[in-house]
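With these hints in hand, go ahead and build the complete structure from the sequences.
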Amino acid sequence: MSLLKFFLNRSSEAASPQGDDPLSHPQIATMSLRQMADLPSNYAAPKPTRYETRPLTKCA
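Going by the working numbering, the sequence shown opens with residue 41, and the numbers climb by one from there.
By construction, these hints were calculated from the structure, which means they are not laboratory data.
All C-beta atoms, glycine included, are put in the ideal place defined by N, C-alpha and C.
It is possible that some hints are incorrect.
DEER-style ranges, computed between Cβ atoms [what the hints assert, rightly or not]:
(1) Asp61 - Lys87: 24 to 32 Å
(2) Ser64 - Lys98: 51 to 59 Å
(3) Pro88 - His65: 32 to 40 Å
(4) Ser64 - Thr89: 29 to 37 Å
(5) Arg94 - His65: 42 to 50 Å
What follows is the structure, encoded as structure tokens:
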């Protein structure tokens, strides 16, 4: 029976990834949505598509 309790307790710990979530920080949890919008994000800009990088031909 203790083996079953061991596996059940481990699955409940794995289901809550609070350590990985940066938004679970107490200071961020107290911020308004406007303040959160001002936070910097470290996401890279998307690469331009082939249509955005094509050179223009016959302008005017």
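Unmet hints by their number, sorted upward, for this structure: none
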